[in-house]
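Protein chains in written order, with my numbering: chain R, 1 to 311; chain X, 1 to 240.
Just so you know, the hints here were simulated from the structure itself, not pulled from any lab data.
Quick caveat, the model's predicted, so the values are computed rather than measured.
Wrong hints could be hidden among the right ones.
[Stated by the list, open to error] Incomplete in silico selection of chain X near chain R, CB under 8 Å: (1) E53; (2) Y55; (3) I74; (4) L103; (5) C211.
[Said to hold, decoys possible] Below are the DMTMM-like pairs computed for lysine to aspartate or glutamate, each with C-alpha atoms no more than 20 Å apart in a straight line: (6) R/K307 - X/E126; (7) X/K73 - R/D284; (8) R/K206 - R/D176; (9) R/K285 - R/E225; (10) R/K219 - X/E193; (11) X/K73 - R/E303; (12) X/K104 - R/D248; (13) X/K73 - R/E212; (14) R/K307 - X/D130; (15) X/K104 - R/E303; (16) R/K285 - X/E126; (17) R/K307 - X/E93; (18) R/K273 - R/E188; (19) X/K179 - X/E193; (20) X/K104 - X/E93; (21) R/K95 - R/D248; (22) R/K285 - X/E53; (23) R/K285 - X/E88; (24) X/K73 - R/E299; (25) R/K307 - R/E225; (26) R/K285 - X/E93; (27) R/K307 - R/D248; (28) R/K285 - X/E72; (29) R/K219 - X/E93; (30) R/K285 - X/D130; (31) X/K104 - R/E300.
All C-beta atoms, glycine included, are put in the ideal place defined by N, C-alpha and C.
Okay, here's what each chain looks like letter by letter:
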Amino acid sequence: MDALEQLMQSLNAIGGSEAVLADPATAHLVADGRAILSRRAVAGLEMEARETAEGISARVVVRQGVRLANPVHLCFGVLHEQGEQRIRMEVRIEKDAAASFVAHCLFPGAVKVLHAMDATVVVEEGAAMHYAETHFHGPHGGVEALPRAVVSVGRGGRYLSEFTLTSGRVGRLAIDYAVTAGKQAVTELTARVFGHGDDAIRITEKVVLAGEEARGLIKTRVAIENAATAEITGITEGNAAGARGHVDCMEIVRDQAVASAIPVVRVTNPLAKVTHEAAIGSVDKRQLETLMLHGLSPEEAVEVIVKGMLR
Amino acid sequence: MPLLEIRGLSFTVGTAKILDGLSLSVESAEVHALLGTNGTGKSTLAYCVAGCEGYRPTGGTILLSGRAIEREKIHERARRGITMAWQEPVRFEGISVAQYLTLKNRELDPAPYLEMVGLDPGRYLERMVDRSLSGGERKRIELASILALSPRLAIFDEPDSGIDMLSTREIINVIQACKANGAAVLLITHREEIALIADSASQICGGRIVCTGSPAEVAAHYKSRQCRTCDPGECDHGRP
Chain R
1 MDALEQLMQS LNAIGGSEAV LADPATAHLV ADGRAILSRR AVAGLEMEAR
51 ETAEGISARV VVRQGVRLAN PVHLCFGVLH EQGEQRIRME VRIEKDAAAS
101 FVAHCLFPGA VKVLHAMDAT VVVEEGAAMH YAETHFHGPH GGVEALPRAV
151 VSVGRGGRYL SEFTLTSGRV GRLAIDYAVT AGKQAVTELT ARVFGHGDDA
201 IRITEKVVLA GEEARGLIKT RVAIENAATA EITGITEGNA AGARGHVDCM
251 EIVRDQAVAS AIPVVRVTNP LAKVTHEAAI GSVDKRQLET LMLHGLSPEE
301 AVEVIVKGML R
Chain X
1 MPLLEIRGLS FTVGTAKILD GLSLSVESAE VHALLGTNGT GKSTLAYCVA
51 GCEGYRPTGG TILLSGRAIE REKIHERARR GITMAWQEPV RFEGISVAQY
101 LTLKNRELDP APYLEMVGLD PGRYLERMVD RSLSGGERKR IELASILALS
151 PRLAIFDEPD SGIDMLSTRE IINVIQACKA NGAAVLLITH REEIALIADS
201 ASQICGGRIV CTGSPAEVAA HYKSRQCRTC DPGECDHGRP
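Produce the complete structure using the sequences and hints provided.
Written as structure tokens, this is what we have:
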């Protein structure tokens with residue numbers, strides 16, 4: 001079995017579909033470690049990708065006014081137990097264009113793997129980008145994942161991002177996202193992570209509402225058990241009239257796990273408004289009892305609540 | 001033999017007697033209303049019967065079909081057929097209405113139960129049981145979930161709170177549907193007009209049953225507000 005087949009096998013195992021790679025109407029980029037295994041551009045989308053000494057460098061541009069019918073599929077991984085993958089990615093969604101990206105980061109047998117993503121994203125005026133990234137790190141907790149992104153959203157643009165790592169071990173995860181939203185731009189950052197063992201989770205997300213009537217939401221859902229740790233920092237700045245932002249963090253903690261949440265809200269314009277809420281604790285007793293009143297055991301009830309929160 | 005029989009139930013927090021030797025019984029296919037003002041022990045009784053954590057009786061016994069259940073956990077009692085609709089149902093992220101109604105039985109078609117509480121399945125089944133629902137919608141879904149469970153004993157804790165008057169009809173439908181299925185219903189309320197749909201009723205005051213009879217009789221006694229004075233602790237109702 002070659003590397004592409006192995007990667008696709010892992011993709012299928014976590015609910016993805018390798019069939020999209022055969023679809024000529026769907027753009028994709030697949031890489032194992034520092035090797036690009038497959039790529040395709042489609043009309044209205046330009047893709048440059050090359051292998052570098054460190055990993056992969058890619059540039060994706062969706063041309064002005066183009067609204068891609070199918071999501072762009074990105075699949076990155078390291079199939080070996082040890083390895084390193086550094087990805088440098090530039091994405092530009094030009095004026096009034098729209099695109100969805102579905103990214104899978106797969107490290108099924110990782111024992112000591114470094115995965116670093118350094119992305120620069122520009123969503124121009126009136127453009128829209130939806131980015132959904134799902135990770136699978138295998139059972140060993142041997143991945144160090146460092147996703148970093150700097151995003152700029154132009155006037156009336158939309159940037160929605162979802163990060164999910166809820167199957168298998170996490171290892172060490174350090175997310176660092178920063179978004180600047182222009183006038184009437186909308187941005188939503190959602191992260192869902194389930195940590196076990198001695199997993200260490202650190203999520204730092206920042207939204208700067210720089211333009212008038214910009215909207216921002218940072219939503220984080222984390223469950224941790226055993227001796228895992230989580231430190232969540234959500235920062236929102238309201239710097240323009242009519243800007244509205246919200247930071248919403250919920251963490252469920254079990255066993256000896258330790259969680260912290262640091263919501264930072266900063267307003268420099270009196271006509272802006274930023275709010276936050278954070279809840280950390282064990283599974284809500286009333287939720288638990290409600291499900292047990294339906295006949296679920298305590299263990300089943302906890303599973304339903306945690307899975308629901310991370311969905 | 002009554003389906004639910006409560007004998008001399010006591011529940012104490014510190015030195016406060018919340019339930020004070022309370023006795024009550026409900027037959028299968030009987031709706032029994034429990035009337036009482038705020039702070040008289042109605043919800044505490046519901047939590048003790050359902051088996052909620054922290055509500056283990058300090059005295060007395062709870063029998064379901066003659067079997068003592070007061071030492072069983074909440075899910076063990078649920079599996080015997082006891083369930084309860086909370087006064088203020090909780091919300092769940094990531095759980096759809098369809099999933100919520102079929103937690104116990106994945107094969108169940110949840111649509112008819114939503115229709116019984118006046119909700120359009122086409123609009124609600126895929127919605128989440130989260131904060132996007134209004135208080136009234138969430139309450140109706142809770143009532144639908146009770147129906148879907150087909151319980152032997154259904155406890156409704158203030159089912160009319162948070163629901164507009166027009167929807168009272170749907171609450172009554174749910175209670176009557178439970179009864180038609182053979183369930184015993186313990187209907188906890190402080191509104192006389194809700195109690196009047198029951199087959200029998202009791203008034204609770206100071207953690208004791210002070211009056212049992214037909215709903216009309218008990219409602220009349222309750223409406224006389226004789227036990228209002230219990231709140232400051234001056235009433236002797238229920239005392240030996």
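Report task. Quick one: which hint numbers does this structure break? Sort them smallest to largest. Result -> Those not satisfied are hints 2, 5, 10, 12, 13, 16, 21.
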